[in-house]
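A.B. asks: Sequence:
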Amino acid sequence: MSGERPPGAATATTPPREILRHPAFAYFWGATTIRAFGGAIAGVAFQVLVVTVVNATPMQISVLSALGVVPYLFLGLIVGALMDRWRRQRTLVLTTIGRALTLAAIPVLLLLDALDFRSLAAVVLVLGVLTLFGDSASQPLLPRIVPQRSLVMANARLGQSQTVAETTGPALGGALFTLVGAPTLFAFDAVINLIAAGLQARIRVDEPKPRPRPAGRHVGHDIADGIRYTYRHPTLRPLALSVHVWFLGNSIVTTVFAVFVLRQLALPTWAYGVALAIGGAGGFVGAMIAPRVGSGLGAGRAILLGRVLVAVPWLVLALAPLTADSGVAAILGVVATAQFLYCLAMGIEDTNDISYRQSVAPDAIQGRMNSTIRTVNRVVFLFGALLAGPLMTLLGFQLTIGIGAGVFVVAALVIALSPLRDARHEGAPD
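The sequence shown: position 401 = 1564 (the working numbering), numbered continuously.
Take these hints with a grain of salt, some might be off.
[What the hints assert, rightly or not] What follows is a list of derived Cβ distance ranges for each label pair: (1) A1284 - G1552: 39 to 47 Å; (2) F1546 - A1338: 34 to 42 Å; (3) H1384 - L1425: 44 to 52 Å; (4) P1373 - A1338: 43 to 51 Å; (5) A1334 - F1546: 26 to 34 Å; (6) W1433 - H1384: 53 to 61 Å; (7) L1549 - F1280: 34 to 42 Å.
Don't read these hints as lab results, they were simulated from the structure.
Ideal Cβ placement from N, Cα and C applies to all residues, glycine included.
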């Protein structure tokens, strides 16, 4: 497996410069950022279409949500193996163009009055497949265009722009939807993706050809190699297991959160939006400080800090004596603080988690390692979301949130009791 250093990689004695000064990353970051804003803005229009134009039933809404995950379950491992043999930049460009064309079909269907559940489901499924290919190409491409010592800063910059998009995009999308309507918003998102594809095409990256497979080997052997590598590695194994457990806890608490806050606590919609916006600010701060935390504590302890911190707000929500009679100010204060800490923790751990994965695994297995972890994460998330319903029914909202918080604690313990705890970014091989 090739452990070849990406072009322009920093040496042990060369301090990393501001990552946006690297032209290849600047194009990568620009494309990712405008796509995130376009997706967040058009996401509002999509939700309105599902409810008002298609008049989807609750079961149909569930199907549409599942269709975005299904490609990962059935194709995730295969696509990850292909990304270790295909040119990742070319795949990224082609899938972004594919997204633009697929999004452009929505305004056409609207104008022809032909948008119904089946056609929208087909669009969602195609977008899910294209997103799978794009994500599978994007994560292993980043270590090829960024010096290893700058990976944490690069992922922090990506996390910051993603958080800003997720925080401001929906509000902007709602205003634009009122002004220009759904067809124009989706056409706008399609154009955004075409611009992103143009930026991605300008990335200069050296992608050497992989070694040919020995006789008698096929993609199934590649997938098996990726799974073995991920779960036999002394630090990647606990990292993967911890993030799987984290996804279980996250699926439980996020499934319960909106229902608990809006229904049981009767928080007004505007206040709920304020709480989510404050959470976005927490995510931005977390991504800002993540490189310094990772440098000071080391990758393992930075991830552990995030895993521990993420349990705190959910424990608070589980134990807080809040009722609908507590008053909007008190409820908003607790919920907003919980969201801030939750997103702050994710900003810290996500940046250091992804950066450590990208730096420790050889380039030749990056695609399979990442796809193995992502695919299992999504299976676990689906299981947790399905489990949350019976838990809410049998135990109530706050006890279910408490169970989710307990699962987060287990995710932290997996790291605390493993060699990953002492891992550092600078200790990973080039």
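A.B. asks: For each hint, tell me whether it holds in the structure or not.
C.D. replies: Consistency of the hints with the structure:
Between A1284 and G1552 the beta carbon distance is about 22 Å. The supplied range of 39 to 47 Å is therefore violated. At roughly 37 Å, the beta carbons of F1546 and A1338 sit within the given window of 34 to 42 Å. Here the CB-CB span from H1384 to L1425 is close to 49 Å, well matched to the stated 44 to 52 Å. Range check, P1373 to A1338: Cβ separation about 47 Å, and the 43 to 51 Å hint holds.
Distance hint for A1334 and F1546: a CB-CB separation of about 33 Å, consistent with the stated range 26 to 34 Å. Distance hint check for W1433 and H1384: the Cβ-Cβ separation is about 55 Å, which falls inside the suggested range of 53 to 61 Å. Distance hint check for L1549 and F1280: the Cβ-Cβ separation is about 22 Å, which falls outside the suggested range of 34 to 42 Å.
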